[in-house]
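K.L.:
From first to last, the protein sequence lines are chains H and C.
Under my numbering, the first residue of the first sequence is numbered 475, with each subsequent residue one higher.
Under my numbering, the first residue of the second sequence is numbered 475, with each subsequent residue one higher.
To spell it out: a stretch of chain H is covered by chain C in this simulated footprint if at least three of its residues, at any positions, have a beta carbon under 8 Å from a beta carbon of chain C; those stretches are: (1) 505-517; (2) 583-589; (3) 592-604.
Chain C is faced by these chain H residues, among others (derived, beta-carbon under 7 Å): (4) Lys476; (5) His481; (6) Lys495; (7) Leu500; (8) Thr525; (9) Ile560; (10) Ala561; (11) Ile567; (12) Leu572; (13) Ser607; (14) Asn614; (15) Ser616.
Since the hints were made in silico from the structure, they are not lab data.
Each residue gets a CB set at the ideal place from its N, CA and C atoms; glycine is no exception.
2 protein chains.
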Amino acid sequence: MKIEMRHGAGGEAMESLIKDKILSRLSWADAEVPLSALDDASVIEDIVFSTDSYTVKPIFFPGGDIGRLAVSGTVNDVSAVGGLPIAISLGMIVEEGLDMEDFERVMESIGKTSKEAGVPVITGDTKVVEKGSAEMMFINTSGIGRRHPLLDENLRIAEKGGKSRGKWLLDSNIRDGDVIIVSGYIADHGVAVLSGREGYGFEGDVKSDVAPLNGMLGKALEVGGVVAVKDPTRGGVSNALNEWSEKSGIGMIIEESRLPIRKEIDAACELLGIDPLDLGNEGKYIMAVVPEMAEDVLDAIRSTPEGRNAKIIGKAVKGSEYVVLQTSVGGKRIVEPPIGDPVPRIC
Amino acid sequence: MKIEMRHGAGGEAMESLIKDKILSRLSWADAEVPLSALDDASVIEDIVFSTDSYTVKPIFFPGGDIGRLAVSGTVNDVSAVGGLPIAISLGMIVEEGLDMEDFERVMESIGKTSKEAGVPVITGDTKVVEKGSAEMMFINTSGIGRRHPLLDENLRIAEKGGKSRGKWLLDSNIRDGDVIIVSGYIADHGVAVLSGREGYGFEGDVKSDVAPLNGMLGKALEVGGVVAVKDPTRGGVSNALNEWSEKSGIGMIIEESRLPIRKEIDAACELLGIDPLDLGNEGKYIMAVVPEMAEDVLDAIRSTPEGRNAKIIGKAVKGSEYVVLQTSVGGKRIVEPPIGDPVPRIC
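Full structure from sequences and hints, please.
P.N.:
Structure representation (structure tokens):
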């Protein structure tokens, strides 16, 4: 048996690779949020810790580049479980022959994004491999954080709803009635990278959403009642909602008419035969909020530049194990996590 | 200008890439041990943080594999500044077509080494890239740690020598008279990887030293008086000593006759025309110790399996800026950091 592309696609094949081949060997230690939780970040001794490798192709794409992606992705993962990011690491694998100008452009972007997020790069490593041994450049960023100072109060407000939640914003926290918010237009990143790669010519219209979201999330935590936050990257919103549903043991109903999708993205997805729910986002969160705080949290998110197009898209419902899409024409369909990735190498 | 192999070789070209192209853009935040210190690990808000990407070729080599290397290297970096490692992250970039058996063998090795070190993998990420886009597998591990509980007492003993040292075991801590210890035979790893790659046939005799050293270092800290610890990987002992010398603003005298080198490694290096001082090690520390504690620290190190061949190899001397090798035949030569890497892709 060989490793295949679908093993890295963020869907079912990856899940079984991780569970059967990796976790069985590595998951031996206790931690507050352990490796086996497969959440956006883990927690040990009150330190939030997360890692991501970035192999996006091409390294420059409409609206962003691998550097902005690497900083944003890890800042967003640390923040998603309720962490306040302190610092990130930067591990680079660079192919011999890369233009120094391109290298510098990526460094510039990393510096700029890290300042925008307020999270410094504190440790790093650079490896160079022979031409043909890697594609231009791969980046790994890991991130560390403390517990967000607003998290206690945020969760206390969630408990007012009569449901006890844990100490962190985990995938398993969602209960019946929780309202699901998406922080803006979906699928922008996936289409932008595909467009940059294949030269489909959507470029003028389509830009990646890649951005750090720690500031936006901070505004939501000020309001309170947020119980789970997730970064719908590989596998898109489909995969993220299914992970929530599975780990929380609850169903979800999503209203298609409420999904924020740009017209041009919808058209591109139509043309390519790709479901926008399966495409990765790099500057969006999905958030689950107790119903009584949902409108206030939505307003807070919409007051930020990253969240101005946020929408309530559905809610968690007991008595089902599925993520169900209520279609615009009145039908229902089950949203499955994608098995392979419709667009590989987007992050 | 293009990125070249020497930019990742751990010598002067890499140093100028890092200083001119990277630090200038990324080094904007204050930290206890900042990015710009270019030490084995950094420290922010009392959390030790380090990262390394591993591109070793081949991924299996005499005495080890990329998994054992990735765990050991990061555990050793976190420990080297005086950290007690808490956890590591695991970011993998796997090439499509890798045998699942090889993948599992690496996972097994990661699990085993992480248990040996007592440091769990707590967060991870797996990316798959198309065949031809990476070589078998690249790994990034980042590590976090707390301040070692023995560090205060260890450094208090160093201060007895009349020299005030900082709070961490930094490259810049070394003062006149400090004794330099190497924890065992040098250059084993570099020759083992080269042998595995090129099929030189040294294989029967030569094995990599790759191992976690946090246990061994703990024994040395129990004795006290250790002021600096460094992992002589890329660029070897030459580069490590020169970094110490430059950052501490002090010269060093190393006695060639005291350098622990296995006969077969010496012969292989002779044959290949490589200076064993320039070759990477992955299971060795160089340590600087106040003179009055040097013999006791040496004994403590020698009581451990990883350190049983440790030796005192020289000392720091003021009035010079150079690392000088006192040769066995009575001459002297300046040990320069290697400009390129005699054996690329050993880590």
